[in-house]
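Colleague: Keeping the supplied structure of chain A fixed, place chain B upon it in accordance with the hints.
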Amino acid sequence: MFLAATFAISTALVINKNRGVNYALVLLYQCLFLGFGVYQYFYINTIQHGVFKSDPLAVLMLLALCFISVPVLFHAYRYIDKDDSEATPHTRGVFFAALILLITACSMAYLSDHLAVTWIFIEITTLSASVLIYHHRSIRALEGTWKYVFICAISITFIYVGILFLSLSLKEAGVQDISFTSLMKNAGKLDPFWLKLSFLFIYTGLTAKLGLVPMYTAGIDAKDKAPGPVGAILASALMNVGFVSLYRVYAVISGTPSMSWAGTIMMIAAILSVFVATVYMTRIKNIKRMFAYSGIEHMGIAVLALAAGGIGVYAAILHIFLHTLVKPVLFLQYNQIYRIYQSKSIYDLGNYFRYNRAGAIVILLGFISVAAMPPSALFVSEFMVFQSLFSGGHLLIMAVLLILLTFIIWGLGVNIFKLLFTPRISEGLLKEEINVPKINPWESLPQYVLIIASVYLAYNPPAKLVWMIQEAVKLIQ
Amino acid sequence: MIDILLISMAITLLYMSIANRLQTYLSILVFQGFILFGASYLSLPDISTFNLLFIMLETIVFKAIAVPWIIRYIIKRNKITRIAEPYLSNFASLLIVTSIIVVTIVLSNSIQDRNLDRTFFVVALSTLFTGLYLIVSRKKIITHIIGYIVIENGVFVLSLAVGNEMPLLLNLGIMLDIFASIFILGVFFNKIGDVLKDPDVNVLQNLKD
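Heads up: the protein sequence lines correspond to chains A and B, in order.
Per the numbering used here, the first sequence starts with residue 5, numbered consecutively.
Per the numbering used here, the second sequence starts with residue 9, numbered consecutively.
Keep in mind the hints are simulated off the structure, nothing from the lab.
Mixed in with the good hints there might be a few duds.
[As the list claims (entries may be wrong)] Now the in silico label distances, taken between C-beta atoms and shown as ranges: (1) B/Arg80 - A/Lys478: 51 to 61 Å; (2) B/Lys87 - A/Tyr43: 49 to 59 Å; (3) B/Arg85 - A/Pro196: 24 to 34 Å; (4) B/Met9 - A/Pro196: 30 to 40 Å; (5) A/Gly39 - B/Met183: 24 to 34 Å; (6) A/Ile456 - B/Met64: 42 to 52 Å; (7) A/Pro93 - B/Leu102: 24 to 34 Å.
Using N, Cα and C, we set each Cβ at its ideal position, and we do this for glycine too.
Just chain A, same shape as in the assembly:
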């Protein structure tokens, strides 16, 4: 039902050229999407149409996506209306159509209980995301899109090979059904060799979405080239698609003796990802790419916690959830930065406090949040991650992670403070000091709401949230 409505609206958006009708359609979609989220919340743990299941993990991620979709669509409207001078009615329609298709595909991928259906929706996210990345139609955007599409196409092939190997392991068990529920029920009967091989392939394929070591590069270019609001979705909801799918596959393998093997693989990849993020974040000069690498770091931490087990599983889900609320803040604020400086190189940025006080405070708070400093939300989950690593006996990994995180905070801090306080390096003040666009402080309001919500949910989680995460943890045996 919801799916059909989405397709109808996005087709209408592509065809329609009228500005008012366009925004009305987006608004309609927004209401529909929020309604869909609330519906799933009240019908939790039901199976719909045979292949979708609103289990707590899916609903949790869906609600997070609902929550950030409001500011994202609002900023997308602002972006198209004010920032994008080249927007024609046609590109505007295509932009919004692809955006709502992306949001829908993400939520369907959360809800799907069938490996093949998840696969299809992951493919749809690739399609719609590539349209959005190519929005500017410049040669750099083309390059970003090309790399994204190509790497995602290869990764999707890898997932497919993984599914084929999984079906070979099913032959032994005499099961035909590849829904996650049935796989988990029959996990003990699966042939371990094929299961391991298939986990390896599916994991490698999913890293393109998840942003971990083998295939993270595509996502970085994509977030760099995509418009800010789209980057916010790519850096949060789309990464969650990878995480949720990985979580479900890991849940299947956790019912078998191969669990520790899979945990080791994930741990190696995760720590390597944090390492890569550290290396780039300490020397990077493009502020948007820096935000993107910070996403890699957080995904690495979450997967590390998932692999460590114990309280780590809880911590991983909480971390992902809070990260979904925090990361869009930076990407949404980025657009306002770009509007002032017309550049994303750190050499051209500076003295942001002078130009836009409300926005500068958002950046400062956002920095505190993504660096996981104590008053922020991610501190809570990251603390639990360290707890799980400690109790799991991974002391060496914990030490390495702590050192890497210190470097990351340093690298991030240097650039952020340069942006906020020091004059810019290239030529002192902005040339047309008078012509600097005034930014309405109210535009930063959604970012404040997101940060406050994340802190509130981290320190004072509602019982329902804790229950949902605990239910999701139970999937890992």
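Modeller: Just chain B now, with coordinates in the frame of chain A:
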């Protein structure tokens, strides 16, 4: 019979590793399409006739005719030079592809599983890795696409091995094919031709840190 087809598929890989002209690559792709057409007919006796017809139609139309034709059209339209421009010499390529095949044979012999048809496994995996090798060892974007299609063919062989039990997976694989051919080739490469006149991968190398 099916073994002969699959082994000739493996031989095409060796030929592909030393081919110099893009035209040769395309002919090999067409040939592989026909091999897959035959292989799908021979190895899928259990599935319904309608489904079999659909799969065979897909292999012949997409793999053997449409995709090579589109690539040829793109090459002509964008005036791409006809040389493949590998990074390594032909001899090294041949050596690498041969060792890929040998390694997969050794690997498959170490597997103790009576459900598995070894020939399928060996040919599929070596095609997959040869495709990856083609992607990393050739300069042009168009050869990257050809490498990707080789990977697809390898995956298709693998899906034939399980197709009798799970036709659903076969159909998924066909979806993947159509996705790749329509999306990567049709829409996207035309765009590349419009925006940049020289479709060399070196032009798309500036997006980095």
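Colleague: Work down the list of hints and note, for each, if the structure agrees.
Modeller: The hints, checked one at a time:
1. B/Arg80 - A/Lys478: 51 to 61 Å: 55 Å, holds
2. B/Lys87 - A/Tyr43: 49 to 59 Å: For tyrosine 43 of chain A against lysine 87 of chain B, whose Cβ atoms are near 55 Å apart, the range 49 to 59 Å holds.
3. B/Arg85 - A/Pro196: 24 to 34 Å: Cβ of arginine 85 of chain B to Cβ of proline 196 of chain A: about 51 Å, so the range 24 to 34 Å is violated.
4. B/Met9 - A/Pro196: 30 to 40 Å: Between methionine 9 of chain B and proline 196 of chain A, where Cβ atoms are some 34 Å apart, the hint holds.
5. A/Gly39 - B/Met183: 24 to 34 Å: 30 Å, holds
6. A/Ile456 - B/Met64: 42 to 52 Å: With Cβ atoms ~60 Å apart, the hint is violated.
7. A/Pro93 - B/Leu102: 24 to 34 Å: With Cβ atoms ~55 Å apart, the hint is violated.
Hint violations for this structure: numbers 3, 6 and 7, all remaining hints satisfied.
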